[in-house]
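Enquirer: If you read the protein sequences in the order shown, they are chains B and W. Residues 140 to 386 (our numbering) are what the first sequence spells out, left to right. Residues 93 to 448 (our numbering) are what the second sequence spells out, left to right.
No wet-lab data here; the hints were simulated from the structure. All C-beta atoms, glycine included, are put in the ideal place defined by N, C-alpha and C. Be a bit skeptical, because a hint or two may be false.
[Claimed, not checked] One-sided excerpt, in silico: chain B residues whose CB lies under 10 Å from chain W:
1) Q180
2) E205
3) N249
4) K332
The primary structure of each chain is shown beneath.
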Amino acid sequence: MAKVFLKPKALADTHTHYCPGCTHGIIHRLVAEVIDELGVQDTTVGVAPVGCSVLAYNYFNFDFQEAAHGRAPAVATGIKRARPDLTVFTYQGDGDLASIGMAEIIHAANRGEKFVTIFVNNAVYGMTGGQMAPTTMPNQISTTSPAGRDVADVGMPIKVAELLAALQTPAFISRQAVLKPKQIFKAKKAIKKAFQYQLEGKCFSMVEVVSTCPTNWGLTPVDSLKWAEDKLLSYYKLGDYKTPEAE
Amino acid sequence: MAKVLMKGNEAIGEAAIKAGCLNYFAYPITPQTEVAEYLCRRLPEENGVFLQAESEVAASYMLFGAAGAGERVFTTSSSPGISLMGEAISYMAGAQLPAVLVNIMRGGPGLGGILPAQGDYFQATKGGGHGDYRLLTLAPASVQEAVEMVMEAFTLAEKYRNPVMILGDGMLGQMMEPVEFPEGLTTAPSNKDEWATNGMGNRNSNKPNIVKSLFLTDTDLNENNLVLKAKYEEMKKHEIRYESYNTDGDYQLLLVSFGMMSRICKSAIDDLKEEGIEIGLIRPQTLFPFPDEAIRQAVDKPSCKSALSVELNMGQMVEDVERCVHGKRPVSWFGTAGGVIPTPEEVVAEIKRVLG
Ligand SMILES: Cc1ncc(C[n+]2csc(CCOP(=O)(O)OP(=O)(O)O)c2C)c(N)n1
Ligand code: SF4
């Protein structure tokens, strides 16, 4: 009997620690499938963030470095500059990338570093238990905004894809989601494009992926998908914000 | 190779290249910016990587990434910049990555000033970043010695898979002296296939390498700390270096001084000799590991009445000297900070005051 659905080679044979309904696992799988399809498992180095995906290195089956909180783009810069033959990507959450690591991502993108960033936006700090992130929605309740995010006090959520697309150097900036099967297919296409651009020597690519955190949103997995679809996607619009073809 | 006249900072940059290091990431800060200005011209000639980072934080993590990929890496900075690198230095020590960092110290705390100082002794030898780790710390007292120590630092960093710090000061960086470069290193780190993320296919392995300092269970983390501790104990056994000056005869007092300050101490010793007063000097060349035994023995000499630690700070290394002397003789400190450099006459006066 022919097998039609296999575990990608680039994915490790293990269980993850992610909560039920968390979309980190889906995004890991998409990255692994792309690495398989492009045949670059042997030359790939991933850089893990500090956040719920801090253990990402246990779930993939290729070389990995674990960065400090927010510093993955600088770590990836060091790897790629020293070893341009390697395929390099960072995998980062929204606290990691858009708060403590904002300087590192902006400058890596602006220098046009030739690696890929997978940016998982779940509108909250997952690992530390649901604090407000720079991407938390107006009035969204978190453990450090118990009355809801007050934009008069802390400003509006940061739209990272738009922010990076305002820079001239990056090659490919896209925002995708993994809330529905159709979105998942599109997200994979975008991730594959980003890696292909790297292999072609084009500069920096980022795919922002709108994700869920049922645990810290206080919702069931199904309600989380609905909430993200309604609340997040009306503010974080999906699509390509910058492509090399458009230049 | 013939001797050439070079500024300390430029010689330090050239020494790294001669040691086979072709990856330099840094951020400008006085008084060591000439290293970057030198290397941005020299590294492209060697097909190397020069990158001016957006901050010392980023520079130190670029170092982490490239070191983790198995390449020789190097950065230079000065005191405030080294503070910003403290986080990455701790991560590199935890992940057992070889790297060479140079601190051309200026006065602090805070923004301080741009004049030479030795106020980062504690930062280099006792921590700076968080957690239990040590940096093998070398303290050159001339441009020639700086060149030799930078080159040796790469070998030591790779031998122990630990960051090595070269602790110099603004005087060393700015002065011109004749230097001769020793034979260089050419080979890459030899055991890197066992740990570096250089691509599974590049080492014919089907097992990924992971570079990390995260150990979530108490036993795993304790285990990693024990591995690090064992390396630091090995360093204490094999890497202690120091210079003795005028210690053969019967000296009345032992000076302990490192780096450029030790040269002023030597002048003071020579001046006192003419007056018939004998003073010995131990100059630690490694600040970690510290020459405990050498200082202990030197102070034990019956003629030696006390020890005096002379530093360009408000009294840091003196705590290590006190630890070595262990109450057997009085230990005192003499120093200045912020760029005020004591003259040999002032050191002489302090020695006479201590001798009473
Ligand atoms: C320097 C530093 N500050 C704070 C922390 C604590 N910390 C760990 S994860 C995290 C937030 C991660 O949130 P995010 O990046 O959104 O990822 P998620 O967990 O949601 O996937 C914080 C603040 C840390 N590890 N290091
Ligand atoms: S806390 Fe949130 S982001 Fe983290 S694993 Fe659970 S659901 Fe996923």
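Enquirer: Against this structure, judge whether each hint is valid.
Expert: Hint-by-hint comparison with the structure:
1. Q180: Given a least distance of 7 Å, the restraint on Q180(B) holds.
2. E205: holds (4 Å)
3. N249: This interface hint holds because 9 Å falls under the 10 Å limit.
4. K332: violated (22 Å)
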